[in-house]
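Chemist: Sequence:
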Amino acid sequence: MKPNNLKEKINLNSFIHEGRISYAKDYLDNAKLLLNSQFRFQHVYDMEPSPEVYQLNSWQKSPNGDPEWLYVLKRQEYLQDLLYSYLRTNESEYLFKIKTFIFDWIQNNDTDDSARYKTWRTIDTGIRLLNWSKPLSYLISRNIVSAEEESQINQSVKCQAKYLEDNYIEKYDLSNWGVLITTGILAFSAEHPNIIDDQISNWALDKLIQELKLQVDETGLQWEQSPLYFIEVFRSSLSVVASFKANKKFVPAEITNVLKRMLKASKFLIKPNGNLLQQGDTDSIKIADLVATAEYILAGKFNSNYKYDFLLISLADKAEITLGQKKLDENRYFDSITSGNFFFKDTNSKNYWHIYNGNLGSGHGHASSGHLDLVINDDDIFLDPGRYTYVNSQERRYLKSGFSHNVILVDNTFPTVPLNSWKFSTVVSNQRNEVAHFKTFDSIKCTYVDKKINYIVTRYFIWIKTATIMVIVDIVEDSGQHLQSNNWILNPVSQVKEITQNQIKISINQNEYYLFHSSKQVEIQRQLLSDRYNQIQQTSKLIISDNFNNSNVSYTVIGKKEVIAGVNHVDSMRNGKVDTSDIHNYGIVISLNGRKPITVNIQHENTIKGNKLYFVNNIPFYGNISVEE
1 MKPNNLKEKI
11 NLNSFIHEGR
21 ISYAKDYLDN
31 AKLLLNSQFR
41 FQHVYDMEPS
51 PEVYQLNSWQ
61 KSPNGDPEWL
71 YVLKRQEYLQ
81 DLLYSYLRTN
91 ESEYLFKIKT
101 FIFDWIQNND
111 TDDSARYKTW
121 RTIDTGIRLL
131 NWSKPLSYLI
141 SRNIVSAEEE
151 SQINQSVKCQ
161 AKYLEDNYIE
171 KYDLSNWGVL
181 ITTGILAFSA
191 EHPNIIDDQI
201 SNWALDKLIQ
211 ELKLQVDETG
221 LQWEQSPLYF
231 IEVFRSSLSV
241 VASFKANKKF
251 VPAEITNVLK
261 RMLKASKFLI
271 KPNGNLLQQG
281 DTDSIKIADL
291 VATAEYILAG
301 KFNSNYKYDF
311 LLISLADKAE
321 ITLGQKKLDE
331 NRYFDSITSG
341 NFFFKDTNSK
351 NYWHIYNGNL
361 GSGHGHASSG
371 HLDLVINDDD
381 IFLDPGRYTY
391 VNSQERRYLK
401 SGFSHNVILV
411 DNTFPTVPLN
421 SWKFSTVVSN
431 QRNEVAHFKT
441 FDSIKCTYVD
451 KKINYIVTRY
461 FIWIKTATIM
471 VIVDIVEDSG
481 QHLQSNNWIL
491 NPVSQVKEIT
501 QNQIKISINQ
511 NEYYLFHSSK
521 QVEIQRQLLS
531 DRYNQIQQTS
541 KLIISDNFNN
551 SNVSYTVIGK
561 KEVIAGVNHV
571 DSMRNGKVDT
581 SDIHNYGIVI
591 SLNGRKPITV
601 NIQHENTIKG
611 NKLYFVNNIP
621 FYGNISVEE
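Start counting the sequence shown at 1; every next residue gets the next number (UniProt numbering).
It should be emphasised that the hints constitute simulated quantities derived from the structure, not laboratory data. Just so you know, not all the hints are guaranteed correct.
[Stated by the list, open to error] Only pairs whose alpha carbons sit at most 25 Å apart, straight line, appear in this in silico BS3-like list of lysine-lysine:
#1 K264 / K213
#2 K9 / K74
#3 K439 / K213
#4 K560 / K497
#5 K465 / K505
#6 K267 / K439
#7 K9 / K249
#8 K32 / K267
#9 K25 / K99
#10 K520 / K465
#11 K596 / K465
#12 K7 / K32
#13 K61 / K118
#14 K61 / K7
#15 K74 / K32
#16 K99 / K32
#17 K158 / K74
What you are looking at is a predicted structure, and each value in this text was computed from that prediction instead of being measured.
My request is simple: use the sequences and hints to build the entire structure.
Modeler: What follows is the structure in structure tokens.
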């Protein structure tokens, strides 16, 4: 660690030659392919990656049939691979290839009247300007482009920036598209002043401030309910801060304050294994370099144990940083009431959970109200299976649906139903969430309503800290006869074995866990799982179900095999008699190995007649959620 309050300038060459740049080998390997005009879009920050290698034959026809491949091609983030490789090796062929790709884009998409504007999208244009910014500086300073060629590039940039302003629509204010549009203009303008008109640059700055104000809530989460697009907004906005600092331009506090909130939130979007939480349209990627770079640029925190993001460090080259200005918050809890996301993360024990019951967000959101992600001892127990594709297909709709999340289905339906790749035909009505943290346990209560069919689901999540046990008590209220099914999507390396009708053993690597439940039927199905866009595999899904009449109260309890011995629902006593109204009082006893049992009690509905004091296992209870150890 470096001493506090020391001022230093970021030195890009030092980062490169001291091995402080993340994914360095990937940059070098991909640059070798690019020298032969071969493309493999597998960079960690490619929004729609493609693992296959394709030869570039056309700028207008996708080799795999997915239009996203062309969008990634035209964003030209691969220019960063070539720039890194040049700076690492000092071989000018990488710079000449950057020049070739820039002029190939211009020739095939700009100077060609039949292609200009027609083959463009605003989001890709904004990203392309960002990706041209630093490489162009090296093309000029190393005399790779002539004055005439530089003028041709500048003219294209002017045209692209004007296109972005002219085609900006109101909904971009609330979309990652808007941020990716404006940040491209701003980063390029900071690096290359007097090319883009000042009026457009000023417009872009005002727009970015407005976009961040609308899109990022007070807790620091971006409204689209997708950590991947949170990252895109965060990283592209950081690129503006990096460029402005490097070029001694004033950075408005309206931008840095939002990014500092996002920095705090970003740490909870990373699971203990370093992978990004999959929620909505998100891939399981490692982004520690981005968080480390954000801490360095925004808070002056430098750690020699971390690797750093090449794009941001290259843009920030020569920027002055004041080190160690402030100790960063290390809270284990992050309760984003506004967005309906609740997190726990313990980096020492490597336990983690995320509970979601909020607004759907944008078209990148999935049908997942009441969903739980759970990690114990660095093992993914319950997870989200990802997105796979944006092509409107059975796989796309299935992975967006309630069938692919750890939620409750009633009569094999979930109230939020995908219509196509981007729209939904019906959407659940999320009600209030309640969260509390006590000395020995945490509790989150989530409720949602299906207004069309008129049923209510309430989930109580109780994390027992002292035993590393997750308890879920579910209450479904729906008049008549119905079937309740609970989905639990498992780690693909999990091995599942039914011990008894109500006990399941889940083995992950060398660790074993017990899942106890109160339902009568268990089915193990195959489930699609996609860690990254365009990649698909299979995992297992537990479907635990039961029939009920009017209402049903049930439990699911999971913990380490060596800790948890058994779980039983225990009759509630009131006025010296058994009270069978589970919806008024529901108690379970968790037996532990070598320790006293734990009693969990839920009083979902108020008791308005008779004695309000209930006894479970001879222990008196009063209150909504109680845990007795």
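Chemist: Determine for every hint whether it applies to the structure shown.
Modeler: Verification of the supplied hints:
At most 25 Å may separate the alpha-carbon atoms for a hinted pair to count; K264 and K213 meet this at roughly 17 Å. With a CA separation close to 33 Å, the supplied pair K9 and K74 exceeds the 25 Å bound. At most 25 Å may separate the alpha-carbon atoms for a hinted pair to count; K439 and K213 exceed this at roughly 36 Å. For a cut-off of 25 Å, the pair hint linking K560 to K497 stands: about 15 Å separates their Cα positions.
Distance restraint check for K465 and K505: the Cα-Cα separation of roughly 21 Å lies within the 25 Å cut-off, and the hinted pair is therefore satisfied. At roughly 23 Å between alpha-carbon atoms, K267 and K439 fall within 25 Å of each other, so this suggested pair holds. The straight-line distance between the Cα atoms of K9 and K249 is roughly 15 Å, inside the 25 Å bound, and the hint therefore holds. The straight-line distance between the Cα atoms of K32 and K267 is roughly 34 Å, outside the 25 Å bound, and the hint therefore fails.
Taking the CA atoms of K25 and K99, the gap is near 22 Å; set against the 25 Å cutoff, the hint holds. Restraint check: the Cα-Cα separation between K520 and K465 comes to about 29 Å, which exceeds 25 Å; the hinted pair is violated. Under the criterion of a C-alpha separation no larger than 25 Å, the hint pairing K596 with K465 is consistent with the structure, at around 15 Å. Of the pairs offered as hints, the one joining K7 and K32 is violated, with about 37 Å between alpha carbons and a cut-off of 25 Å exceeded.
Between K61 and K118, the direct Cα distance comes to roughly 13 Å. Compliance with the 25 Å bound is thereby established for this hinted pair. Among the hinted pairs, K61 with K7 is inconsistent with the structure: their alpha-carbon atoms are about 50 Å apart, more than 25 Å. For a cut-off of 25 Å, the pair hint linking K74 to K32 stands: about 19 Å separates their Cα positions. Among the hinted pairs, K99 with K32 is consistent with the structure: their alpha-carbon atoms are about 16 Å apart, no more than 25 Å.
Simply put, K158 and K74 have alpha-carbon atoms about 17 Å apart, close enough for the 25 Å limit, and the pair holds.
Hints 2, 3, 8, 10, 12, 14 from the earlier list are contradicted by this structure; the remaining hints agree with it.
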